[in-house]
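Put chains B and C on the given structure of chain A with help from the hints.
The chain contents come next:
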Amino acid sequence: MNSAKAKNLLREMGPLIGLIALFAVIALLNDRFISPSNLSNLLRQVSINALISFGMTFVILTGGIDLSVGSILALSSALLASMMTSGMNPELAVIVAAFIGLCLGAVNGIIVAYGKVAPFIATLATMTIYRGATLVYTNGNPISGLTEDPIFHALGQGDIAGIPVPAILMFIAFFILLFILNKTPLGRQTYAVGGNEKVSYIAGIKIDRVKIVAYAITGLLCALAGAVLTARLNSAQPTAGTGYELDAIAAVVLGGTSLAGGKGRISGTLIGALIIGTLNNGLNILNVSSFYQQVVKGIVILLAVLMDRKKS
Amino acid sequence: MLKKLVIACLLGAALVSVSGCGSSDKKEEAAASGEKTMTIGFAVSTQNNPFFVTMAKSVEDAAAKANIDVKIVDAQNDPAKQSNDVTDLIESKVDVLIINPVDSAAISNSVIAANEAKIPVITIDRSADSGDVVTHIASNNVKGGEMAAEYIVKKLGEQAPVAELEGIPGASATRERGEGFHKVADQKLKVLAKQSADFDRTKGLTVAENILQANPDVKAIFAQNDEMALGAIGAAKSASKDILVIGFDGTEDGLKSIQDGEMAATIAQQPDKMGEVAVETAQKIAKGEKVEKSIAVDLKLVEKQ
Amino acid sequence: MEIDMKGICKSFGTNQVLRGVNLHLRSGEVQALMGENGAGKSTLMNILTGIHKADAGTIEVDGKPMVFRNNKDAEDHGIAFIHQELNIWPNLSVLENLFPLKRPRTRFGFIDFKKMREIAEAKCKEIGIELPLDEIAGNCSVGQQQMVEITRSLLLDAKVVIMDEPTAALTERETDRLFDVMRQLKAQGVAIIYISHRMEEVFGNCDTITVMRDGQTISSKPVGETTMSQIVKDMVGREISEYYPIRTVTPGEEVFRVEHLTQPGVFQDVSFSVKKGEIFGVAGLMGAGRTEIMRALFGVDPHKSGKVFLHGKEINIKNPLDAIKEGFGFITENRKTEGLILDFSILKNIALPSEKHFANYSCINSEKEYEFCKVLADKLGVKTTDIYQEAKNLSGGNQQKVVIAKWIGMHPSLLILDEPTRGIDVGAKKDIYDLMNELTAQGVSLIMVSSDLPEILGMSDRIMVIHEGRVAGILSRKEASQEKIITLATGGK
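Protein chains in written order, with this note's numbering: chain A, 27 to 338; chain B, 9 to 313; chain C, 19 to 511.
Hints in this document: simulated from the structure, not taken from any laboratory. Because the structure is a prediction, the values reported are computed rather than measured. Mixed in with the good hints, there may be bad ones.
Claimed, not checked - In silico contact screen, one side only, chain B against chain A (beta carbon under 7 Å); selected entries:
hint	residue
1	Val-61
2	Pro-177
3	Ser-180
4	His-190
5	Val-192
6	Ala-201
7	Gln-203
8	Arg-209
9	Glu-217
10	Ala-222
11	Ser-246
12	Ser-248
13	Asp-261
Claimed, not checked - Sample of chain C residues with no beta-carbon within 12 Å of chain A, all distances over it, derived:
hint	residue
14	Met-19
15	Thr-350
16	Asn-455
Even for Gly, the Cβ is constructed at its ideal location relative to N, Cα and C.
Chain A on its own, in the form it takes in the complex:
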């Protein structure tokens, strides 16, 4: 193996090595961290951020960014909750909510693609609009006491063979998206558009369509994450998802995806989300004061990005 290949491999493995190191340190400090029940707990907690981050990966790969993820989550969650309180079949409600998320995301994509608005600005605007719409719709109150339906509750709290249902959902989404990105023309085009929009356009790729699909996928995944969150709390919070865009961007960046677009892997994002989840969980387990927690999180993100810079 030549040195270039070794370097490449190191870069690919960097986030994973970081995650393992983090695991080892926390486990050394408190052995409850690696108890099976906490690991399953950890996966359950990671799944929401991971689902959103997967979508964010798509958008960032096209060279965009989506700040509205938290707001889409909140709005679709509120609509999901009210559909259920008005007596709709919970499973059907989840499907409808997912479709609503898809549409909200597609709106982002349409503004970016056809409106030629910078993604940061476009989604900053829709972030505010969707959040506002959520507050208008819920009147600022949580919607609770949704349903007794066991399948819906399992979406948040259930286990299958010891693995939390949200985590199973996360893995299913992961493999589907992994397949799309690596094996389909759509995935190839997603990378191409982010890699060089002009080249892609000249090569006959429908750039607008690729962008809209990326944002729509993100919207769909946000709505799914929203459904999991709703099921976990058996209620919809109007302020749910505030600040989630930052966690998602952090996960994507930690996973080695370039914010400039065109370069990155969804497997890296999964690891990035695991790193952030592990930090949150681990710092709680270690009973670290909340003042220090924020400092630690910031430092880890900075370290990861700096290391990535050095390697390249």
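Chains B and C alone, transformed into the frame defined by chain A:
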């Protein structure tokens, strides 16, 4: 050019129509009940939280009952917006200002501005760091923290292992509720963990899950608000543990959870009562009566009946 | 001020751009500097003004050796360079543009606008121009902006002014005014180096003409002692090298026809046709509109009017996807920004426009894809260890081969090549020429835009020359010569 003009017109029309919807019903009310005796301005921190929604509603109701005109402005949790809001209220020459500050430090200049305009100021729920405030109306948070700790002692006995979910780090409610809780708990209970969940239900759930993983023998959780308590209940449920969860505030969801037998108790604030007291006090001030420098609105321990 | 540059040499990497250039400039002289694109004119001027450092040679100013450390240093010594891309702060007023750095101050240290205005007005009067001092510079015409730059350099006491193709973007009236100003400057003893491709202007306004070719000074003569045809000969000089393969393909029937293609301000009334298996060369100066015409044909840029026919049937191309569906390929001028995705592997770059060939049920068949790309990469002789290597690590010649492979892979019937051999080494060039020949033998029609005259002459069956957005002439292989092309391209008859 034409395009810009059209957009400007549309925006203008949208603004007019929105403001129109907002105020129409109040105008009708005013017409029905004749001349108003005085005007109160109420700057509320947010309408994003049921607690403040209830508070604002009670101010509105109490004012309507007393035939007082009330202008309510919502800062949407933005200190800068609140400063503008208060300036607007001062400009519209209200008789008394009731302020529910977003941030105790940031509101000070607005209070001073009101002082200069000779408009008496009442703060509610959160205080102002400087400026002349006639009176401050608040729940007694320290006392509430003590009540929660004593309730746990009463239910589980001394030295019971407990965990605490804190609010947003540094917020006054976090400080005061924690202070009161620890005043009692440090003597009579074993606090195994204390972690922040930012007054948020989702975070309350995950942080409580994590705490229960690290400390499986926790018997009670004190959450500094009901939202976090509701999250903690979810965590206790999924860990299949019987844990005494005590909340704070007494929100609608919190009270319902108590009726359902899930939350053990909450230290209920009474936002409706705070609103009423604020309007009453404002009337007194307008009439030139003397009022106390600080008015503590009672907290109420609510259990399942 | 007198300038004497002797034996200037300069290399960029392995590419030697200047090989012992001499240039002599007297005060009050207007000297034209001519030569083909890439002859080394700009590099020479960049060395004179301290932007680049010479590898060898001396510069003497008024008899004293002198090396300027940077652009600013040269300016301080009275040498100003007015680039083709004007140096204007579009959001500032003309007055502010005239005083970019050293502005007169009042006693209190504030900017003294009154004084600035006085100085500026005096200078304008001196050279006989009027400038709208309070106008925002971005709103001024290009001609006015140029005057602003000239005035600015004179305010800095420039004794030598270098102008790089100053009339390229000017209207006729603006051009006339520029020459008036140049005569004023000359009368005041300012020396001017005037870089231009336009014969008439050069012969009408300059004292001396210096011709450069391949990084050397070929001739430097007073205007009276030379002729246009002599200058063209000096500029072109060399024989066409051997390595152009002999064209054996006889073009067949007409397959592609363009009628009256127009995009106002860019190109007008462009009509031509291309035959089956033909190499159709497109020549012209930089900025003449060649690339823009090709981009419009491929749907990358818009065009306002005109018709395009393929096999006698009118087609309407609105975007590159339409063009690809019609069987067009487009090898763009700039491979790094428009030809390749640098972070993509060779394989992914080649596969980009041809995905439908190896995607079944919207899933990429990796084996088929590898096979497809490997065959193409091998056929073009892309020198690489494996085709999973990232494109950015390849040499220029190999990158260009990847771009060509990408378009050949989609089996085009018409392939547009914009500067296909720019900046690549001789060996790779030869490979590309051989491939072009092979493609035409298979019946593919090629349109090749090139600024390399020997290449155009060596490869094309017919040559269309573009001058300022219009077709100046279409020459057959037999009648074409470098002199004819240059004459047409520079607006001569």
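Status of each hint after checking the structure:
no.: 1; hint: Val-61; result: holds (5 Å)
no.: 2; hint: Pro-177; result: holds (5 Å)
no.: 3; hint: Ser-180; result: violated (16 Å)
no.: 4; hint: His-190; result: violated (14 Å)
no.: 5; hint: Val-192; result: violated (21 Å)
no.: 6; hint: Ala-201; result: holds (5 Å)
no.: 7; hint: Gln-203; result: holds (5 Å)
no.: 8; hint: Arg-209; result: holds (6 Å)
no.: 9; hint: Glu-217; result: holds (5 Å)
no.: 10; hint: Ala-222; result: holds (4 Å)
no.: 11; hint: Ser-246; result: holds (5 Å)
no.: 12; hint: Ser-248; result: violated (11 Å)
no.: 13; hint: Asp-261; result: holds (5 Å)
no.: 14; hint: Met-19; result: holds (45 Å)
no.: 15; hint: Thr-350; result: violated (6 Å)
no.: 16; hint: Asn-455; result: holds (25 Å)
Going down the numbered hints, you'll see the structure goes against 3, 4, 5, 12, 15, while the others check out.
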